[in-house]
Every structure is written in structure tokens, then in C-alpha cells.
Amino acid sequence: MEQNQMQERPRSGWLTYQAAEAIVAVAIFLVGVVMIVDSFRIGMGWAPEGPQAGYFPFRTGAIICISSVVVFLRAFFGKNRNHKLFVSWGSFKQVLCVLIPAFLYVLVTQFIGIYVASALFIGGFMRTMAKFSWLKIILVSIGITAVLFYMFEVQFMVPLPKGPLESLFGY
Amino acid sequence: MENVLNLFHGFSVILSWYNLGMMAVGLILGVLVGVLPGLGGPNGVAILLPLTFTMSPTSAIVMLSCIYWGSLFAGAITSILFNIPGESHSVATTFDGYPMAQQGRAGEALTASFTGSFFGALFSVLMITFLAPLVANFALHFGPPEFFAVYFLTFASFIGTGKDPFKTVIALMLGFGLAQIGMDNVSGTLRLTFGWSELLRGVDFLVVVIGLFGVAEILVSMEEGLKFEGVRAKMNVTVVWQTWKKLPKYWLTLLSGAIIGAWMGFKPGGATAASFMSYGLAKRFSKNGDKFGTGELEGVLAPETAAHGSGCAALLPMMALGIPGSATAAVLLGGLMIWGLQPGPLLFVEQKDFVWGLIASMYLSNVVGLVIVLSTVPLFAAILRIPFSIIAPVIVVVCAVGAYTVNNAMFNIWVMLLFGVVGYVFKKLDYPLAPLILALVLGDATEVSFRQAILGSQGALSIFFSNWLVSAMMIAGLLLAFWPAISLSWGKFRQVLAK
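Chains A and B supply the protein sequences, listed in that same order. Residue numbers for the first sequence follow the working numbering, beginning at 125 and rising by one. Residue numbers for the second sequence follow the working numbering, beginning at 254 and rising by one.
Be aware that one or more of the hints could be misleading.
[Said to hold, decoys possible] Keeping only pairs whose Cα atoms sit at most 30 Å apart, straight-line, the calculated DSSO-like set for lysine-lysine is:
(1) A:Lys203 / B:Lys752
(2) B:Lys416 / A:Lys208
(3) B:Lys681 / A:Lys203
(4) A:Lys217 / B:Lys681
(5) B:Lys498 / B:Lys544
(6) B:Lys416 / A:Lys203
(7) B:Lys680 / A:Lys203
(8) B:Lys502 / B:Lys487
(9) B:Lys416 / B:Lys502
(10) B:Lys499 / B:Lys536
(11) A:Lys217 / B:Lys680
(12) B:Lys680 / A:Lys208
(13) B:Lys605 / A:Lys208
(14) B:Lys745 / A:Lys203
[As the list claims (entries may be wrong)] A short, non-exhaustive set of chain B residues, derived as facing chain A with CB atoms under 7 Å:
(15) Leu304
(16) Phe419
(17) Phe429
(18) Gly430
(19) Gln433
(20) Asp437
(21) Ile471
(22) Asp543
(23) Pro640
(24) Val650
(25) Asn660
(26) Ala662
(27) Leu670
(28) Leu682
(29) Leu708
(30) Gly712
[What the hints assert, rightly or not] Under 7 Å between C-beta atoms, here's a sample of chain A residues computed to sit facing chain B:
(31) Ile152
(32) Phe180
(33) Pro181
(34) Ser191
(35) Val195
(36) Phe201
(37) Asn204
(38) Ala226
(39) Val230
(40) Phe245
What the hints contain is simulated information worked out from the structure, not anything from laboratory work. The beta carbon of each residue, even a glycine, is placed where N, CA and C say it ideally should be.
Chain A with its partners taken away, still in its complex shape:
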């Protein structure tokens, strides 16, 4: 059994479920600590007018800390330790293929507005992921953005972030 587990363990030392479980438990523990510290600042006890503002957050934070310690310990000492690969590098690359462009998309939106950024994001994605022809890319990305623009700016009158291009057209 033990040997079997050893064989399944990835050679490259890339993230296992056990490690991922432990890292997330530590992160959650830190969230709990932050809540507890903040509750101390605003008072976590009892004032003449009733429970203070930190009364609830303090207890919530404490429960988070305790539970995360259990999850952490279980990852290392529990019965069902999971040494399987959390995510293979190949599939994680796929995840990054969305995550990094999505991050850039949000960043760029702040400067050139959501419409232009969306068209670029959709177009770029179609080009790098699937090598569509430029005609299709332009039709789809601009078409979808135009529908968005019509729906929000014209139909529902809900303003979305806009940039220099839109102001050129007087929006």
C-alpha cells in the first residue's frame, strides 16, 4: 500500500492534493487571524449597550482558525491522505491561458474602457486558442461588443466603463 502510494507520487514534485490542501488551510487560517485581530481593535466583548461590533466577527474568525487547523492536520495525518496530482502542468497551462488574459483584460479595461477591451480579449482568445480566420475573429468580437453596447448604453441606459474611443463618438 505504502509503496503503491509512492509510485503514484509525481516525480517532478509538482503540487499534490495533500500540499494544495495544506496551503489552502494555511491561507484560510490567516483569514481567520485577520478577522480576530480586527475584532480586538473594535472590541469583541460586551458593552453596556450590548455585544460590541467585533463580537460576531471574533467568534467567526476563531471557528475559521480551529476548522482550518483540523483540515491542515488531516491533510498530513488523516486516514485518506491524497498524494495524487492536484493538477498536471499541462492542464494548469490551460487554466493560465484563461486566467492571465482575463487579468490583463480587467487591467486594460481601466484605461480603454470595457468595450474595446472586450473586443480585444475575445479576438485574442480566438486567435491564440483556435486559430480562427481574421474575418471570423473581427466579425465575432466586434459583433458581440456591439450587442453589449446596444444593450447597456442604448437599451437599458446602464453606463459601463468607457475609454477614448467611445468619447470620440460622443459617449
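Following the hints, position chain B against chain A.
Chain B alone, transformed into the frame defined by chain A:
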């Protein structure tokens, strides 16, 4: 009798062209979000909620609840044609649905599942019509301790029925923590803002839902290298009619599915459990039980009836008590607060038009929904054949727009992205997401009821055991919360006895 009159009043409220139009739009959008990966009931409603800010609450709830029904219907489409359960409650549908589709009986399977869904919904709506006013009336006498006890019972039932009690507790508490960010409702103190002005108004639950259910879903789908290779469905009047003729034979499966659905829908997170339970029961008692998994009509009928029934029944506690029975119901409840309605038992007294309009719309929209899904399945199946490299960025864009419009803040889009990553990791590590959303939506109300109750008793916790009703609920809650520990030690105890 009074309920029937009220129901007719409800029909008179919603029977306008505008509301019927909203209903159709909601249903079609609902099927669409249910079919597309990365969009589903909860975040479909969350993304569209900001567009309803200016509508009348009744039209808004009609449209948004129809998105919910549409997405419940749609779960079967991906399960049967593509063997991909769109949401966890349609997992059981793949067992027999996909084999049927492979045998060229996709039309039959789809008709059966939609009709079963419809039947389950109808049963639950009937229950809501007659039971919800009673529950609300009973709850009118609730004070803060009783309300806290009800909330406690809700949260505890997640722990008692969930897979991993500690992870459920963490999810719940993180939801509470997120709800606490911003200004304290009672004292006005700033909590967990760290002097960051963007955090002053708190973290909006809609943004969290869009991140956790939308962006995260896209990340998971990318990792799995999603490829849709579906079976084509032939749908026409003959297939529908032939299937309907077979259904009366399965009345017992339908009825037990509907009852399981209605019962489980009361409780949070019930739809998935209900569908599996109904499938198991049908398998156990069917004459063809051993053939389940190879393409039995009953195997599609049972889980879908229970899942849709449970999804519908989830609105009962939402309307009568202000406690949502599912993640989507939680988002709808948040909508109520945004439209300026106070959720809780008083809704039945103060907002008769709204409540009975909603109930009446549930009857109507499930009929309309059945017709729509039966006639448009090929269209929606075609949407799934659009390459993922187009669908994925479009869904990210739609999510970003949805998050931004919640309160016109760029900050929201960043929060959404953050929760996309959190949701991806949580999903992979089996942290449940529904309790987090529920705790986030109900966090403020829970805290306020707790503080009011304990203020009344000068800090003595005995207030939560001061009468039979609140004691019973608290004890039931405590039992559920510690159920994993209790059942574990009971097992150990019996082992010792056996020796």
C-alpha cells in the same frame, strides 16, 4: 379557500403583456445560461439582477425566477445529449439519459425529463400555494431568538448533511466573514475594511456569486479540456406524443420523485440529494431496476422530477421565512432586498401582489417553459456546438459586465476575478460553495437577530432556550451541527459493545 382567491388575484397581477414578455425572456435566457458552461442558475440570475433595479419588483421576480426555471429545465439537455451535467443536480440524469441518446432515443429522454420536471414543479408549486401562507402566518409570531434559531438550523443542516463537516463550517464562516466587511448594521463601526475606501460598502454577494460560479466554472472547464461531442436529438410532435403515452405507467415514480423533491427542497442544498435519492428509490422499486444505467426511461424521469421539484420548493422557505433553500433562491432573496422588500413572513401580509404574483407566475411559467424547451431543444443543442474558444471569453466578458453593473465599480471586477480563483481551488478541494453564498446573504440578518436576542436577555444565552419552539429548533440545530461527530462516536460505541 382564501389561498385560491389570492392565487386568482396573483394571476390578475401577472397577466399583462409586459409580464408575459418578461416570463418568456426569462425562460429563454434561463435555458441559455443552463446550457452554457460557466453560467448557471445562481450566476445567471446574479448577472441579470442589476438590469432589474428599475423594474417593478413583481416583473423583476417573474423574470428572474423564470431564469431559474429555465436553467432547471436545461440541466437535462447537456446531461442527455452531451453526457455533461450542467449542474450537480443533473448528474443522476446522465446515468440513463446519455445511454438513451446513444441508442437514438434522445427525443424520448428529453421529453420524459422535461415532463417529469414539469410534474415535479407543479407538485411543489401546489404545496407552496397551500403551505407557504401557513408557515408565514406561524412565523409572524417569531421574535429575534426564534429567527436566529431558524437561521442556525439552516446553517446546521448544511453541516449535518454535507460531505465534509469541517470544510462546510469553513465555507459558512467565510461567508459570514464576507458579510461582515463594511459598516456594522447596528453600531456603524467599520469592520474589516483596513482603511480601504472600496471596502466601505462591503463585498456584494452578487459579485462573489459571479466569481465563484461563473469564472471558476470556466477555469475548471478549461482544465478538463472541455470538448462537446453530443448526440443529435430528433424532436417532433410524434416523439413527444409517443413518450407522453408511456408516462402514465410510471405514475408512482413521478409521484415519489415529486414528493422527495418537495420535501428536500425545504432544506438547503436539497436538489442534488433529491435527484440521487429519487433515482435510487426508482431503481430499487422498479420492475426493470436491474436495467437502470442502460437507458431506462424511468431513470431519467425520477431524478429530473425530484430535482426540479426541489428547486421549486426552495422558494417556499425563501418567501415564508426569508431563508433560501438553494443557491439560486439565495440570489433571488438578495434581489428582494435590493428592490426594497423586507424578506420574511411579513411579505405575505404587506406584499400580497408580489407574493401571489410570484406564485401564480410559477404555475404559468412552468407550463410555458415546458412548451419552450420541447420546441427549442435543437436550437440550444446547436449553441453547445459553438467552439469553447469563443464561448469561454464571451462568458468572462459577460461576467465582468455583470459584476461591474452591480454598483458601477471597477473594483467589483477585480473581486470577481479573485473569487474566480478561489472558486476554482475550492471546487477542486471539495469545499462546498452553496453554504458560503447562503451565509453571505443571510449573514447580516443572522447577526442582527442574534444581537437583538442577546441584548434582550442581557447577554444570557438562555434566551435561545426560553420557550419550547426556540428550544426545539436550537436542539435540532445542535444535533445536526454535531451530527457527524455523534454518528462517529455512536459507531465507535457500538463497536465497543460488540466486543
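**OP:** Against the structure, test the hints numbered earlier, and report the numbers of the ones violated in rising order.
**Re:** 9, 13, 22, 25, 26, 36, 37
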